[in-house]
Amino acid sequence: MKTINILVALFILLVHIPTNGNSMSNDKVILKINKENPIISIKVWFKVGSQDDPKGKEGLSYLTASMLTQGGTAKNTFASMTEKLFPLASYYSARPSVEMTIFEGKTHKDNFDEFVSLFNEQITEPGFREEDFTRLKNDALNYIETTLRYSSDEELGKAVLYNTIFNGTPYGHILQGTISGLKSITLEDVKNFYSTYFNRENYVVAITGDLSQAQVSKITDALEKLNPGKENTPPAIKAEKIEGINVVIIEKQANATAISMGYPIDLVRGNREWYALSIANSWLGEHRNSSSHLYQIIREERGLNYGDYSYIENFPNGGRFQMPNPNAPKRHQIFEIWIRPVPNETKHFAFRAAIREFEKLLKNGMTDDTYSATRSFLRNYVLNYAPTEDARLGYMIDDKFYNIPAPGHIETFRNLMSKISLAEVNDAIKKNFQSENMVIVFITPDAEALKNALVNNESSPIVYSSPKSDFILEEDKEIINYPIKIKAENIKIVKVDELFN
Amino acid sequence: MKYLKNLLIIFIATMTLSQATFATGGVFPYKVERVTLKNGFKAILIPISGSGLISYYSVVRTGSRDEWEPGKSGFAHFFEHMMFRGTERFPGNVYDSIVTSMGADANAYTSSDLTVYHLTAANDYLETIIDIESDRFRNLRYTKEQFQTESGAVYGEYRKGRTSPWSVAFEAFQDMAFDKHTYKHTTIGFEKDIIDMPNQYDYSLSFYKRYYRPENVILVISGDFDVDKAKAFIEKYYSPWEPGYVKPEIDPEPVQTAPRSTKVTYDGKTLPLLMIGYKCDAFDVNNPDYLALDPFAEVAFGRTSDIYKKLVLEEQKVTFIQAGTQSSRDPFPFMIYTQVKKIEDMEYVQAEIEKTIERFKTELIDKSMLEILKKRDKYQFLMQLDSPESVASILPQYITLTGDIKVIDEYFANYDKITPEQIVKSVNKYFVESGKNLLILTGN
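Protein sequences appear in the order of chains G and C.
Going letter by letter, the first sequence gives residues 1 to 501 in my numbering.
Going letter by letter, the second sequence gives residues 1 to 444 in my numbering.
Careful: at least some of the hints might be erroneous.
[Said to hold, decoys possible] Below, computed lysine-lysine pairings styled on DSSO-like, alpha-carbon distance capped at 30 angstroms: (1) G:K84 x C:K425; (2) C:K310 x G:K137; (3) G:K109 x C:K31.
[To be verified] Just a few of them, taken from the derived set where beta-carbon distance is under 10 angstroms, the chain C residues facing chain G: (4) F147; (5) W166; (6) D267.
Hint data in this document are derived by calculation from the structure and do not stem from the laboratory.
All values reported here derive from a predicted model rather than from experimental measurement.
Just so it is clear, CB atoms sit at the ideal spot from N, CA and C, and this is done for glycine as well.
Let's have the full structure, built from the sequences with the hints guiding it.
Below, the structure is given as structure tokens:
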């Protein structure tokens, strides 16, 4: 790493520097030197995530990441590290996800030297103190036992959807793990996990801002002092085939019903077909955007909830973020529809409305008009995915994960919007979208009544608090009896306290 | 100014793995141009070349604070929804399709003191944006049916937020801490008022006529655009807007004369929450008593404070502790929040908070610590400005407080003058038993 050569840049330079270690052609450093940007961002990607949690120790990767940024180091307690960091107006944090763990730091260039020594110390010389371990493990348990189970039905619905689809695979638990997994994790487990995965052959570091070669070396030299080890081979993920419509009803007291549904798709970004499918998906349900067709039907015209969206890629924390955050990539994705909480008495109706719109898209495909409008929308809209240097750095890491060559995902996305034809979009719909085999999750009271209504295809009449147009009332006549075939044996009722155990 | 954040930020603070969080404050580093029209409309233009993007923020200096008529809580937020329903020239679906064709990131939010409409798009669309945005502020039209349908979406938003114990706690806290002032209700409003919204069509028209006026709206444009062209378009499109702003008749909150407390039960499982608020002043950059509360909050309750080390790290009796002013237009309590792990420790935690306050009534904070804080805040401010969008997005709350962004520099100039003695004086002034409000929330 001593031989890094950085070209002096007046403008932004992109330099991929191969390591001189034993990892062959594996690039370990992504540099985006920008002399005009005084804010330095550093992202260290370790190739480990919740998919690498050992069986029975679910939550271990999350807890290890927490210990590395919210625990002390060998030399300093966490309180002492916090005090040292405090005057620098800088921060670092861990972003664990399913397939990667990112440590990110941000500082002003004036404070870089002091900051980077703390950042390095935190990652490369962890303290693994019992008191930090107890505190962080309790925080993770508290998140599952109270926050997720009780205070965010939307996140709960999504967590159950993902866990159900990937049940029995290394993707089949949330980042924080399970109650029993967390309880069985010891400090020794954390130490071993760290030494196995946080090694010098298993990272990529990405850096942007106005910094010198010597400053870059301060980061890379520290990382090269990590334990020797090997690059992690991610585990195989084979989701069980979904047969028919499988419903999970999480029974809990709630004044509204959250609904999430989906099934695995065999497509990831980088593939031209993915971008074709993204046009159809954006039209059907662009995240938190009124252009979403589902939003128009369920919220705008009928006022049943706050929003309705669809996804062909993992979008964590959708309730908080308007745009997707980088650095939560997955090799295996699902198609997902998210219906935000609807009044309990309209849950069956809203579910039918969503499925009906989706099936109309399957049957009819996109039209020339919707295709043209959506691709021109996306061409500009995706620029909003990475408005800052920091976000662009995050996307560069994801490009490496997905093996997307320069100019990278966002530029590829933009370029392909003028090249992908309507026929390609409709082919992608035919190949990847279907409504016969999927998992549906409801978070709702009166589970037994919903089960009966679904199995018997009971009519789901709707009463509005305001007059509606004839067009909507005519459409409703179809929706309220829209047939969706669900067998009683495919419906599971689960109490909320039985989840994530 | 460090806690110039929506109250709800606390939800986020408890969820992330951040080592430290950002706050605002500092010296504004960009060149600013201003436009003032005869009708009272003001625009703040911040050219930052290079990105090809512009961020367009329309700041209405009306939030749930202005909902002074009984039964009308939640209306400012509801009205934010109605603003997407279109005009005669650009009906809702046409407005949507224009925004969609630009590939713009467009949205809005409401808090107690303001409503903000924002949009970020390629700079080719500068005139189109000024045209469609000025048009909806001047000529909004919606039918009673549309109005009633939207009320369903607002109720959905209420239900979505209601699953959080923090929402339940804030609602009860504000209801307890205020008797007369409109801060008695949260931005989303009381549930009974939300249920009644479909019946308030006529009121909504009056709300629009009184508050959506040029004297009450300030525009911020930041990013890559031609300032002269922008000035000409602003003149062209916003000048015909008729003035006519009517001030809300907000009752001032009487001085609180005795401590208040309440216990709330949350319908679900949660660790117990504790909120303590001491009545203090409104944001005022020229009030050193108020400004001194920012360094006090950091030193007494921040991540390097003794109480944080003791309760969070060593004894591990709480999951976090956080405190600060709310930087509001009218007086709002200085708030201290924490989440206690075991209910039996609740009294102990309260006593530790009291002890901390009492300590700083006599103990002068270290001068060098105060200097570190002053420098740190400037860097934190600069660190936030990493895109034209982030420049525009941090300004609305400053604008709503004072009508301009000069307050940023004024704040720092005055903050630099704060002394350890001033902090002691402020703590003695505001932290009195009779101004205390305490809420404990427990799960079932």
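Status of the hints after comparison with the structure:
The suggested pairing of K84 of chain G with K425 of chain C holds, with an alpha-carbon distance near 29 angstroms, which does not exceed 30 angstroms. Distance check on the hinted pair: K310 of chain C and K137 of chain G sit about 18 angstroms apart at the alpha-carbon level, within 30 angstroms; holds. For the hint linking K109 of chain G to K31 of chain C, the alpha-carbon distance of about 22 angstroms falls within 30 angstroms, and the restraint holds. Interface hint status for F147 of chain C: upheld, as the beta-carbon distance to the closest one in chain G is roughly 8 angstroms, under 10 angstroms.
For the restraint placing W166 of chain C at the interface with chain G, the shortest Cβ-Cβ distance is roughly 8 angstroms, inside the 10 angstroms limit, so the hint holds. Checking D267 of chain C against chain G: minimum C-beta separation of about 6 angstroms stays under 10 angstroms; hint holds.
Checked against the numbered hints listed earlier, the structure breaks none of them; every hint is satisfied.
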